Structures are given as C-alpha cells and as structure tokens.
Amino acid sequence: MTDPYDVIVVGAGIVGAACARACAAQGLTTLVVDAAGVGGGATAAGMGHIVVMDDSPAQLALTRRSQQLWGALAAELPSKVEFEPRGTLWVAADEEEMQEVRRKQVVYSAAGVRTEVLDAHSLAAAEPQLRPGLAGALLVPSDAVLYPPAAAAYLIHQAMDLGARMLPSQRVVAAGRGQVRMEDGSSLSASRIVNACGAGAISLLPELPIRKRRGHLLITDRYPGFVHHQLVELGYLKSAHSVAGASVAFNVQPRQTGQVLIGSSREFGEEDAAINHTLLAAMLRRAQSYLPRIGALKTIRVWTGFRAATPDKLPLIGPWPDDPSLLLATGHEGLGITTSLATGELVAAEIAGVKPEIPAQPYLPARFLDGSRAASQQGLFEEAAHD
Amino acid sequence: MTETRSTDLPSDGNSIVLSVDGVSVRVSPGCTVAAAVLMAGTPTRTSVSGEPRAPLCGMGICFECRVSIDGVPYQRSCQTLCLPGMKVTTTGAQLLP
Amino acid sequence: MTQIFDTLVIGAGPAGMAAAIAAAESGQRVGVVDDNPAPGGQVWRHGTPLPNAGRRWKGQFEAAPAVRLAGWRVIDCLRLAPDGGVLRAECNTPSVPAADLHFRHLILATGARERFLPFPGWTLPNVMGVGGLDAMVRGGLPIAGKRVVVAGTGPLLLAVAAHLIKRGAQVVAICEQASLAQMAPLGLALLRQPGKLRQGAAYRWATRKTPFLTHCWPLAALAEPGADDHRDPGTQPRLRTVTLHRNERQWNVACDYLACGFHLVPNTELATLLGCQMQDGFVVTDQQMRTSTPGVWCAGEPTGIGGVDASLLEGRIAGLSAAGKSEAALSLSQRRPAIQAFTQALEHACRLNPRLRDLAAEETTVCRCEDVHMGALRERSSARDARLHTRCGMGPCQGRICGAATEFLFGWLPDPARPPIFPALVSSLMEEAAAGSPAQPEIDSR
Numbered sequence: 014m015t016d017p018y019d020v021i022v023v024g025a026g027i028v029g030a031a032c033a034r035a036c037a038a039q040g041l042t043t044l045v046v047d048a049a050g051v052g053g054g055a056t057a058a059g060m061g062h063i064v065v066m067d068d069s070p071a072q073l074a075l076t077r078r079s080q081q082l083w084g085a086l087a088a089e090l091p092s093k094v095e096f097e098p099r100g101t102l103w104v105a106a107d108e109e110e111m112q113e114v115r116r117k118q119v120v121y122s123a124a125g126v127r128t129e130v131l132d133a134h135s136l137a138a139a140e141p142q143l144r145p146g147l148a149g150a151l152l153v154p155s156d157a158v159l160y161p162p163a164a165a166a167y168l169i170h171q172a173m174d175l176g177a178r179m180l181p182s183q184r185v186v187a188a189g190r191g192q193v194r195m196e197d198g199s200s201l202s203a204s205r206i207v208n209a210c211g212a213g214a215i216s217l218l219p220e221l222p223i224r225k226r227r228g229h230l231l232i233t234d235r236y237p238g239f240v241h242h243q244l245v246e247l248g249y250l251k252s253a254h255s256v257a258g259a260s261v262a263f264n265v266q267p268r269q270t271g272q273v274l275i276g277s278s279r280e281f282g283e284e285d286a287a288i289n290h291t292l293l294a295a296m297l298r299r300a301q302s303y304l305p306r307i308g309a310l311k312t313i314r315v316w317t318g319f320r321a322a323t324p325d326k327l328p329l330i331g332p333w334p335d336d337p338s339l340l341l342a343t344g345h346e347g348l349g350i351t352t353s354l355a356t357g358e359l360v361a362a363e364i365a366g367v368k369p370e371i372p373a374q375p376y377l378p379a380r381f382l383d384g385s386r387a388a389s390q391q392g393l394f395e396e397a398a399h400d
Numbered sequence: 011m012t013e014t015r016s017t018d019l020p021s022d023g024n025s026i027v028l029s030v031d032g033v034s035v036r037v038s039p040g041c042t043v044a045a046a047v048l049m050a051g052t053p054t055r056t057s058v059s060g061e062p063r064a065p066l067c068g069m070g071i072c073f074e075c076r077v078s079i080d081g082v083p084y085q086r087s088c089q090t091l092c093l094p095g096m097k098v099t100t101t102g103a104q105l106l107p
Numbered sequence: 289m290t291q292i293f294d295t296l297v298i299g300a301g302p303a304g305m306a307a308a309i310a311a312a313e314s315g316q317r318v319g320v321v322d323d324n325p326a327p328g329g330q331v332w333r334h335g336t337p338l339p340n341a342g343r344r345w346k347g348q349f350e351a352a353p354a355v356r357l358a359g360w361r362v363i364d365c366l367r368l369a370p371d372g373g374v375l376r377a378e379c380n381t382p383s384v385p386a387a388d389l390h391f392r393h394l395i396l397a398t399g400a401r402e403r404f405l406p407f408p409g410w411t412l413p414n415v416m417g418v419g420g421l422d423a424m425v426r427g428g429l430p431i432a433g434k435r436v437v438v439a440g441t442g443p444l445l446l447a448v449a450a451h452l453i454k455r456g457a458q459v460v461a462i463c464e465q466a467s468l469a470q471m472a473p474l475g476l477a478l479l480r481q482p483g484k485l486r487q488g489a490a491y492r493w494a495t496r497k498t499p500f501l502t503h504c505w506p507l508a509a510l511a512e513p514g515a516d517d518h519r520d521p522g523t524q525p526r527l528r529t530v531t532l533h534r535n536e537r538q539w540n541v542a543c544d545y546l547a548c549g550f551h552l553v554p555n556t557e558l559a560t561l562l563g564c565q566m567q568d569g570f571v572v573t574d575q576q577m578r579t580s581t582p583g584v585w586c587a588g589e590p591t592g593i594g595g596v597d598a599s600l601l602e603g604r605i606a607g608l609s610a611a612g613k614s615e616a617a618l619s620l621s622q623r624r625p626a627i628q629a630f631t632q633a634l635e636h637a638c639r640l641n642p643r644l645r646d647l648a649a650e651e652t653t654v655c656r657c658e659d660v661h662m663g664a665l666r667e668r669s670s671a672r673d674a675r676l677h678t679r680c681g682m683g684p685c686q687g688r689i690c691g692a693a694t695e696f697l698f699g700w701l702p703d704p705a706r707p708p709i710f711p712a713l714v715s716s717l718m719e720e721a722a723a724g725s726p727a728q729p730e731i732d733s734r
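The listed protein sequences derive, respectively, from chains A, B and C. The numbering used here puts the first sequence at residues 14 to 400. The numbering used here puts the second sequence at residues 11 to 107. The numbering used here puts the third sequence at residues 289 to 734.
Keep in mind that the hints were calculated from the coordinates and are not lab data. The model shown is predicted, which means the values in this text are computed figures rather than measured ones. A few of these clues could be false.
[What the hints assert, rightly or not] Short, incomplete list of chain C residues facing chain A, as computed with Cβ under 7 Å:
id, residue
1, Asp673
2, Leu676
3, Asp703
4, Pro704
5, Ala705
6, Pro711
7, Ala712
8, Ser715
9, Glu720
Positions of the beta carbon are idealized from the N, C-alpha and C atoms, including for glycine.
Could you build all of it, start to finish, from the sequences and the hints given here?
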C-alpha cells in the first residue's frame with residue numbers, strides 16, 4: 014500500500030507553511046492541516062521581525078541563513094506581506110553596552126552580516142524620538158519587518174502552486190506512526206509527518222522539551238515616522254528587567270501602516286491568554302524609558318501569544334528519534350518568523366535525503382535524548398529561565 | 011451660526027469662535043466639534059486609501075470624525091464640545107498640497 | 289486618580305440614570321461613567337427638544353448624590369471578584385490621567401449603537417446614521433432647508449424624521465426596509481402601550497407631508513448631482529443623490545443628507561470582557577438584572593432592545609438590587625413581561641430583509657477604518673480570519689461598525705472583547721492598579 018501523501022505538515026503557522034513550501038518544492042506530495050486557518054496561532058501574535066541573532070553560533074547560522082532566504086524572497090512578496098527592509102537598531106544605553114555593540118559587530122562581520130556602528134549623535138539623528146543621552150547603536154541594515162499572517166498565507170499559496178494541499182478546519186488530535194488523526198475520528202496517512210504546531214506541539218507529543226513562554230504586544234493607531242527602525246535595547250542581554258520571574262525589554266517596531274508595535278515580555282508558567290496588567294505596565298514603562306513620548310500614542314489593541322521555548326534556546330528541527338515517521342519543526346521561541354524559511358529548508362532536505370545548506374545537527378531533537386533519558390528537562394529549564 | 015473669516019467676525023458674547031483648518035467658525039455654546047467641522051464644509055479625515063470621510067454615528071463609536079484638536083491627533087470630534095480658541099485640524103486638510 | 293464606590297454605573301442613558309438614582313436613594317456611594325459630555329444617553333441627548341420625561345429624569349439624575357464622570361470611558365478591567373473589582377477609565381480630555389474605579393457592585397448600562405450596512409456610496413460625507421444625523425443636529429449642525437432622506441429600519445426613523453422636520457429640514461422620504469406585514473405585530477404591541485402609541489402617532493403627524501415607504505431601501509449614495517439639482521456643489525465630494533429601491537422599482541432622489549441605520553445593536557464589549565453569559569448577542573440576566581458574573585448587573589439595551597421604558601425599569605431594578613433591596617427589585621420586575629413583549633415585537637419588525645446582503649458590491653467598503661472591500665471578505669471564514677488576512681476590524685473602532693455588518697452579511701460572530709475595549713493612550717496602560725480595598729469604601733462627605 015502506498016501512502017497518499019509523502020508529507021503531512023500539522024500546523025499552518027509560518028513554520029508549517031515554510032515546511033510545506035519547501036517539501037512541495039522538493040517534489041514531495043504534501044498536505045497541510047490546521048484548525049486555526051493559516052497563520053492563526055503564534056504567527057498572528059508575533060512581531061514579524063526578520064533578525065539575525067547571535068546568542069549562539071547555531072542561532073547565528075540559522076537566523077543568518079533565514080535572513081538571506083527572506084532577502085531573496087523579498088522582491089516577489091505581495092504588498093500585503095508588508096515586507097520592509099527597516100533594519101534593526103540595537104540600542105546601547107551606556108559605554109558598557111557600546112562594548113557589546115563592538116563585540117556584536119565583529120561576530121556579525123565574521124558571519125558575513127554587514128553592520129554599522131552609530132555613535133550617540135548618529136543615533137539621535139536616525140531616531141529623534143529616542144531619549145537623549147544614549148550611547149549609540151549597532152545598525153543591522155539587512156534585518157527587516159513583515160506582517161506574519163500574510164507571509165504565512167503567501168508561503169502556503171506558493172506551496173499549493175507547487176501541488177501541496179491545504180485541509181483547513183480540522184483539529185488534529187494525534188500525529189505519529191505515519192498517521193494523523195482528526196477530531197472527527199478520520200485519519201490520514203503519510204510517509205512523514207511534520208509537527209509544526211509551535212507551543213501546541215506538546216499537546217501531540219507531551220514529552221517534548223518545550224515550555225510555553227507568554228508574551229504581550231501592543232499596537233497603536235497610525236503615527237507614520239514616529240520610529241524608523243526596529244528598535245531593540247541591548248541592555249536586556251546583560252540584565253533581565255525582571256517582574257516576578259518574568260522579564261520585559263524595550264522592543265519597538267514601525268509597521269508599514271504607520272502603526273507602532275510595542276513589546277516585549279517573557280513569562281513562563283502561564284497558560285492563560287489573559288493580559289497580565291502588571292507585566293504590561295512594566296513593558297510599557299520600559300518602552301517609555303527609551304521613547305519618552307510613547308505614552309501619548311493611542312493603543313488600538315493588546316494581545317498575548319505563546320512562544321515555544323526550549324531549554325537551549327534553539328529550535329527542534331528534524332526527526333524524532335522515537336518515531337521514524339515523525340519530524341519536528343517547533344521550539345523557535347521568539348524567532349519563528351525569521352527562522353521559518355531555513356527550518357523549511359532543513360525539514361525538506363531531511364525528508365528528500367539531500368544535503369542541507371547549513372548543518373542540521375545543532376537543531377536535531379535527538380540532542381535532548383542523548384545519554385540518560387531520565388535527565389530532568391525541568392532542570393534544564395531552571396537554568397534557561399534566568400536568561 | 012455661519013462660517014466666517016476671522017477678519018469680519020461680529021462680536022457676540024454668546025457665541026464661541028474656533029478655527030477649523032485655519033478658518034474661523036462661529037458656533038453656539040454646546041456645539042460639538044463634529045458639527046463645527048461639518049459647518050466648515052470639510053471632511054473630518056482622509057481614509058487609509060485616500061477617501062474623504064465625515065461623521066457617521068455621531069456617538070463616539072465609528073471614529074470617522076477623528077480630528078486633531080489643539081495639536082492632539084485622533085480626537086473624536088462628535089464627543090468633544092467646542093471651546094473658544096480651539097484649533098481643529100482635519101487630516102483632509104493636512105494632506106492637501 | 290483612584291475613586292471608590294459601592295455601586296459603579298457604566299452609562300448615563302435612561303438605564304444608567306435610573307440605576308444610579310435608585311442606588312443613591314438607597315444610600316449607596318454611586319459613581320457614573322459616561323462617554324458623552326452630558327447625561328441622557330442617545331435618546332435624551334444634549335440639545336433641545338427633550339420630552340418631559342427626559343427633562344424630569346435628567347433633573348433627578350443631576351440632583352442625585354452621585355459622582356458623575358462625564359466624558360469618561362472604561363478601557364479595561366484590572367480586577368474582578370465576587371466582592372468587587374477595579375475598572376480603569378480614561379477621560380476624553382487627553383491631559384487628564386486615567387482613573388481606577390473601585391466598586392463593590394457594577395451596573396452595566398452601556399446602551400446600543402446603530403447597525404450600519406454597507407452599500408455603494410455609504411462612506412461619502414453626509415451619509416450618516418439616523419441617530420448619527422440627529423446627534424449632529426443636536427450638536428449644532430444647521431439642518432433648516434436641507435433635503436434629507438431617512439432610511440433603514442426601526443422606530444428611530446420616524447422619531448428622527450419628526451425632529452429634523454421640526455428643525456426645518458425638508459425630509460424627502462422615509463424608507464423602512466420592513467414590509468407592512470412584518471410591522472403589523474409591532475402595531476398590535478403598541479396598542480397595549482398607549483404612551484408609545486401616542487408618541488408614534490405624534491411622530492407620524494409631524495412627518496405627514498413625507499412619504500413613509502415600507503419595503504424600501506437605498507441602493508446607492510452618489511456624489512453626482514441629479515439633472516435638476518442646481519445647488520452649490522461645494523468644494524468637497526459629498527452626497528448629492530440617493531438611489532432608492534422599492535417593489536422592483538428604483539429611482540434617484542436629490543438630497544443633502546442620507547440618514548441611514550438598520551436598527552440597533554447592543555454595546556456589550558465590557559460585558560463580554562467581564563465574562564457575562566450572552567445569548568444571541570445580548571447579556572443574560574435574572575429577574576433582578578444580575579448577570580452570570582457575580583457582582584455585575586446589566587440593564588437597558590444590552591439585555592434586549594426595548595426602548596426607553598424598558599431601560600428605565602431595568603435600570604431601577606438593577607440599582608435597587610445592587611443596593612441590597614431585592615424585594616423591591618423583584619416586585620418591580622413583575623412589570624417586565626409586558627415590556628418584553630414589545631421588545632420581541634420590535635425585534636420582529638426590524639428583522640433585516642436578506643436582500644440587504646446584496647447591497648454591497650465587490651468594491652464597496654465594509655471596514656471603514658481600514659478600507660476593506662466586500663470582495664476581499666467573501667473568501668474568509670470568520671471575523672478573526674478576516675481580521676488577520678484583510679485587516680477588517682483592525683482599526684480604531686475595533687470592529688464596532690463592520691462587526692455588526694459582517695455578522696449579518698456572513699454570519700460571523702464577533703471575537704471576544706480584549707482590553708483596551710476602547711482605544712486608549714499607551715500611558716493609560718502604564719500603571720498597575722492602585723491599591724485600594726473595594727470592600728471598605730471611603731465614606732463620602734459630599
């Protein structure tokens with residue numbers, strides 16, 4: 014008996030969409046299933062910041078590769094995706110953070126990412142709304158901004174043009190051993206199944222080393238030109254602005270609409286989508302400490318979303334050792350929008366049996382199953398929670 | 011209650027004079043800014059695709075009547091009463107050459 | 289600013305005023321929050337003429353010992369427990385900081401808004417709601433000599449037409465989408481409500497020179513003047529002509545304003561934020577107007593579109609109940625069935641003709657905040673799907689206008705309310721809830 018599909022991708026968020034597109038491009042017969050429609054989960058809740066990050070060499074490799082893929086795709090993205098090469102400004106508050114700017118520049122440069130160091134004067138000229146007295150910033154011009162649900166829809170659209178199918182409005186209750194079972198009792202079979210359910214991946218595979226990490230975002234009415242780049246503080250790298258175990262950081266994005274998207278917060282142990290008013294207030298005060306006039310903007314909406322966090326801050330991409338039919342594409346924490354494209358590339362290369370563009374090893378789920386299986390994943394997280 | 015240029019306003023203790031896009035408008039006390047903008051004959055805002063818009067609901071729900079009042083943008087003119095000397099700017103006027 | 293109340297009333301329309309008066313009479317420390325500069329709600333909006341009942345109730349309300357926050361709106365709920373909670377409110381004056389309002393009992397009297405349906409040209413300046421144009425006129429817009437078409441559905445059409453005529457407007461036509469047969473049960477219900485019947489007859493008398501066309505609706509609003517329209521075009525595009533439809537016939541009418549609204553939909557954002565149980569879009573209450581959320585009452589239009597009398601009665605019941613006078617509240621509630629019969633007849637009379645779904649063309653704007661066209665919405669599956677992929681409902685009205693339309697057009701249920709339930713300054717969300725014990729309110733020495 015032949016399986017009707019080579020691949021079933023569970024999850025039509027941006028990661029699932031990128032996996033489906035890459036698999037379809039390899040000539041694999043591909044099906045995508047998601048009850049929440051395209052880009053309805055964390056993809057809709059995220060910021061849409063295409064950013065190179067260097068917390069680890071593996072993170073740098075994945076984000077850099079993804080950023081290049083986004084750059085290559087940029088020209089063909091429809092206007093609805095709102096792709097804008099805004100660049101990131103890593104804002105340094107003081108001389109100590111300027112040292113981090115210079116360190117970062119060396120690392121980025123070694124990875125082939127062009128950057129520019131801004132002194133206090135150039136930073137003030139680039140972003141006049143920032144408070145006076147900041148030390149400078151690192152500008153990463155190749156970073157970009159986009160609207161994630163539309164980007165996911167575009168990737169799904171491309172996958173379908175390549176022959177993939179999309180099955181909406183069916184909740185998946187089980188996935189593995191070549192079978193995907195739906196809520197209505199029906200099931201589908203495939204040679205390989207990709208679990209791309211973000212933080213929801215654990216509902217299908219409870220033993221995954223993934224924890225939900227809730228975040229808040231606020232979007233304002235339209236204020237074109239209020240800020241020009243994605244603005245991120247460097248400070249949170251060295252000191253978390255902790256509120257009862259949770260942390261906030263200054264992270265503000267200009268949308269193509271002229272709206273201003275304000276983040277960010279991180280908290281473990283919350284399953285509820287409700288707003289944490291204390292944390293939201295702290296997050297906004299943090300933003301105000303960098304952009305003194307931000308309080309005068311009008312809020313249209315506030316929402317929360319759940320990042321899929323892993324203990325080592327790297328995603329789970331590749332085969333699940335316990336089930337040869339199952340692959341994972343989850344655990345991207347706050348970088349799923351950026352790293353979706355390289356994730357898709359890795360997943361498709363694995364299934365098609367071709368050599369990936371970047372080494373797959375650092376992201377393999379097997380890394381958490383090496384040695385003793387009894388190793389407490391909770392213990393792994395305890396360390397990570399203090400980042 | 012007529013639209014008048016600031017140069018030929020009659021003096022009348024019982025009325026309020028405010029400016030809408032630089033044109034003086036004389037209104038009675040209790041008049042809403044939305045009504046004053048309508049009297050001035052200008053749309054309140056330009057929509058995101060460039061259409062002129064004017065008040066719809068009159069009760070603070072639809073946000074079509076948003077104008078800048080004394081430099082503060084996005085004020086609902088239908089829920090705001092006119093005050094002497096108020097400076098009202100419509101987005102339509104801002105986008106005019 | 290922190291304020292502490294026994295009973296906090298949201299809305300100063302008839303239901304809110306009656307609730308506040310009843311609670312204050314019972315010795316409660318009462319606060320009333322209302323978005324409008326003056327009390328009275330939409331039906332007794334500021335500006336003459338007011339009926340006697342309106343003047344009397346507003347007078348009583350203004351004399352009642354209550355803290356009135358006029359020009360304030362609730363943006364969020366910071367805390368909610370059976371023994372009380374905290375709402376955050378923002379003032380329409382941007383320089384005034386947000387306030388935290390502590391309460392033991394909360395009465396929602398948030399009223400209703402008009403339902404708008406998209407049709408070609410409905411976004412033109414001078415196309416407004418029925419209550420919308422009425423509010424503009426009460427707010428000072430001169431209407432004398434202006435040609436007005438009043439259209440849509442519901443009792444507001446006749447009431448507003450009568451008011452506009454009194455102000456000197458030339459009301460060209462009143463177009464009611466319902467058929468005469470559909471309105472018949474309402475006529476019967478009116479026979480049992482002599483006051484309403486008298487009022488309706490007075491409105492019809494005042495509008496006697498204007499054709500009242502049933503089963504009639506606007507097909508389009510046009511910026512182009514008709515051949516015989518020689519009035520000053522002005523410098524801005526605005527409404528000049530309305531195309532009307534009745535009995536398979538269509539014709540153009542020259543006019544200066546089109547007042548068009550399709551009855552009312554309740555304002556339930558705060559009720560849903562507080563988790564109150566809903567049914568068919570309305571807040572579910574018991575005989576004492578208690579919602580499913582302990583400590584929260586609801587009165588007036590959010591429980592059913594029943595008009596002023598229902599609102600006044602429900603408000604009073606809620607105010608008494610919140611003040612602990614359950615017996616008095618229950619005794620009053622025996623008057624509700626008669627009023628509820630009217631509410632049901634009204635709902636039947638205002639049921640929308642399915643053909644109104646065909647008014648919007650592919651390029652007709654449905655979401656006015658984000659300029660989303662009808663054609664972009666057809667392939668979407670829900671309000672959320674439409675929001676994420678077309679921006680429909682993403683703008684500052686937070687879907688209040690397009691949500692009622694897409695519910696009728698596509699059957700999409702509104703998304704759960706999220707804070708802020710009204711666009712709010714970022715600074716208004718920057719403070720944690722101020723400390724304060726709602727269980728031990730300050731004694732007011734007013």
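Hinted contact C:Pro711 with chain A - closest CB pair below 7 Å: It holds, given that the least Cβ distance between C:Pro711 and chain A is near 5 Å, below 7 Å.
Can the hint on C:Ala705 be confirmed by a CB-to-CB distance to chain A that is less than 7 Å? violated, 11 Å
So, C:Asp673 near chain A? Judge it on the closest CB pair being under 7 Å. Hint on C:Asp673: holds, closest Cβ of chain A at ~5 Å, below 7 Å.
Taking the closest Cβ pair, is C:Pro704 under 7 Å from chain A? This hint is violated: C:Pro704 lies away from chain A, its Cβ roughly 9 Å from the closest one there, beyond 7 Å.
Given C:Leu676 as an interface hint, is the shortest Cβ-Cβ distance to chain A below 7 Å? holds, 4 Å
Under the criterion of a CB-CB separation shorter than 7 Å, is C:Glu720 in contact with chain A as hinted? holds, 5 Å
Would the hint on C:Ala712 be counted as holding, given a Cβ-Cβ threshold of 7 Å to chain A? holds, 5 Å
Is the interface hint for C:Asp703 satisfied, with its Cβ closer than 7 Å to some Cβ of chain A? violated, 11 Å
So, as I understand it, the hint says C:Ser715 touches chain A; can you test that by seeing if any CB pair is closer than 7 Å? holds, 3 Å
Comparing the model with each numbered hint stated earlier shows that hints 3, 4 and 5 do not hold.
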